[in-house]
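In order, the protein sequence lines correspond to chains A and B. Mind the numbering: the first sequence is residues 1 to 437 in the UniProt record's numbering, read in order. Mind the numbering: the second sequence is residues 1 to 271 in the UniProt record's numbering, read in order.
Keep in mind that the hints are not guaranteed to be accurate.
Stated by the list, open to error - A short, non-exhaustive set of chain A residues, derived as facing chain B with CB atoms under 10 Å:
| no. | residue |
| --- | --- |
| 1 | 11 |
| 2 | 21 |
| 3 | 22 |
| 4 | 350 |
| 5 | 424 |
Since the hints were made in silico from the structure, they are not lab data. Using N, Cα and C, we set each Cβ at its ideal position, and we do this for glycine too.
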Amino acid sequence: MSVPALRTPRVRPGETLAIALESVRTHRMRSLLTVLGIWIGIASVTLTVGLGQGAQQKVADQINSLGSNLLVVSPGSSTTGGVRAGRGTATTLTLADAQALADPTVAPDVAHVAPVRTTSGVLTSGSTTWTTSVTATTPEWLGVRARSLAEGRFLTAQDETTAAHVLVLGGTTVSELGLRTGVGSTVTLGGTAFTVVGVLADSGSSGSTDEDDLAVTPLSTAEAVLGTAGSNGSVSSIYLQGASGDRLSAAYQEAYAALATRHDTGATTTAGATTGTARAAAAAASTSSVDFSITSQQSLVQAATSTSKTLTVLLAGIAGISLLVGGIGVMNIMLVSVSERIREIGLRKALGAPPALIRRQFLAEACLLALAGGVLGLGTGYLGALLLPSLIDQPVTISLPASLGALGVALAVGVVAGVYPASRAARLAPIDALRSD
Amino acid sequence: MSDEPLGPFTWVDDADGTDDPATGDVATTPAPPVAGHAVVALEGISKTYATGAAEVHALRDVSLRIDRGEYVAVIGPSGSGKSTLMNILGCLDVATSGRYELDGVDVEDLSETDLAAVRNTRIGFVFQQFNLLSTLSAWRNVELPLVYAGVPRAERRERAHAALDRVGLAGRVDHRPSELSGGQQQRVAIARALVTDPALILADEPTGNLDSRSSEDVMALLDELHASGRTIVLITHDLEVAAAAERSVTVRDGVVLTAHDQQGEPVGAGA
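Given these sequences and hints, build the entire structure.
Printed below as a string of structure tokens:
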């Protein structure tokens, strides 16, 4: 018998796809309605996730705008709501602490140290006065805080040693004082005339505080002229910049150990303390007894974004349900399509379409519909990402992985929704199918 | 299963069929051993449908042989079992028992996929309802079997056009079925049946939906195909239509009663 001649002919996948495409094209209205469910589902998932990520990104950007690889050492314990016992005593952060941390043998993973003492001060230019935050710091502040200059120069080491009467102003401060030309102007602060040597470039508003409303002056000048220094040179906070992102936690450990040692035994024993012994000391020191805290940007970002993350998951879940409903819609329409096309299926089978091919044809159709919905939904999502920020003042971030994920989900919905109708079509007996109606 | 009765109901407990009154007339001569030139060789084919507690014997012990180049009419009233016979001949259904060899292929135990391949390569169907896909143009309808045969597109187009040319519709290749008359639609269907160059053309009431002029057209076309050496089985209830064939087989109550040649002389099935 010539049974070998019965080898099932191979129909190319492109052919199956072409048949499925044709069917989608010939039933335009129905296809569109089917696609609509997936379309809305994917668009809402894309947008909610995009909004959530946008919100997280915004918070992270704000925190990261403080500088990169930043650690902030604050006096007292942040957990007691800013009530800092022992202010002005030997246990407060001091300039000496900052100098100790700058020592590469104490904290090798700390690249830069910028101690900051912030006070409020009244600036006068002519008849205009403006109260602003006066930041007394070192030249390293500019790099550590990732700021740049719009014009002029920043503080120099020479300013620091000579306690020069110089100021670097933020953009807001310059405009509030009504200064025509920022650099070269003379501004009075605490009865002393200062020369404006530089103007900072705008950083953009960071949360509730205007980072562009400030006057920066050398620490030595602040001590000498303004007399804001305590007897031991206390500072409000110390900014530390890690050598690199992955050495930040090492920098944290070193700084913590060094400060714990210093504040435990007085302000004298830093030289010669190796990192190892400093760490051991830190481990020995009870955390509750330390009078400082170190926060990293990472922890700030995490704390700030966890809420919006929860909300995003919740919203995306709801949007996911609409996607599920869309998938059920595809299944429903495909089932209708199968019963509507019983004759066509019967004919195709009579003409030699094997069951597997019929199954693939309907599966391909469901996938095409779902994928079309996915692409349209993604397009709508991108459009929304362009338009929404101007409407609701919320950034929308749509990432490439999220987009591909959405398409993958759409395709999966198509496969899941298509399997049952497709197998029903494949199981139809050609005679029954041909005889219907 | 069907909107037409399949045959007399026989209760299971007396379904042995030995006391069938028609037995005397039945062409019970067993088909001779399958020779190389037989297109259809049915041997003791029975088909039983179970409908609840009752069993319907649509076909009982049917033997039939059709040689290459023959033009055979299968005649029978509604419910005689001729549709079942046609389904089995067309590999659209499989017999409950018996042996069917189509063009040298034993089809009883084939899987659905293999049956599809047999239908695709060896049988050309012409249906009463034409069964053209309304969304496709004439040539796209004709090429369908070739799609499932895995023939490349360019060759499909060429062969479909040739088949339409053969049935006199060369000028209508891009027309949709709705733009064609009934007779033209049936000719498209015949072109579709021809395009794979099958061993057997199975025409099920091909003129059932046509007016008399179109019917003559279609019958003339079948005659032509027969003259060119095609093997054709025509299933009909219309004796006038059946007269076009060179041999007719009558089915009644699920059994093949007689086989006649054109002169009305009975001939043994497969003799």
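Evaluation of the provided hints:
| no. | hint | verdict |
| --- | --- | --- |
| 1 | 11 | holds, 5 Å |
| 2 | 21 | violated, 12 Å |
| 3 | 22 | holds, 7 Å |
| 4 | 350 | holds, 6 Å |
| 5 | 424 | violated, 15 Å |
Violation of the numbered hints given earlier is confined to hints 2 and 5; the remaining hints are satisfied by the structure.
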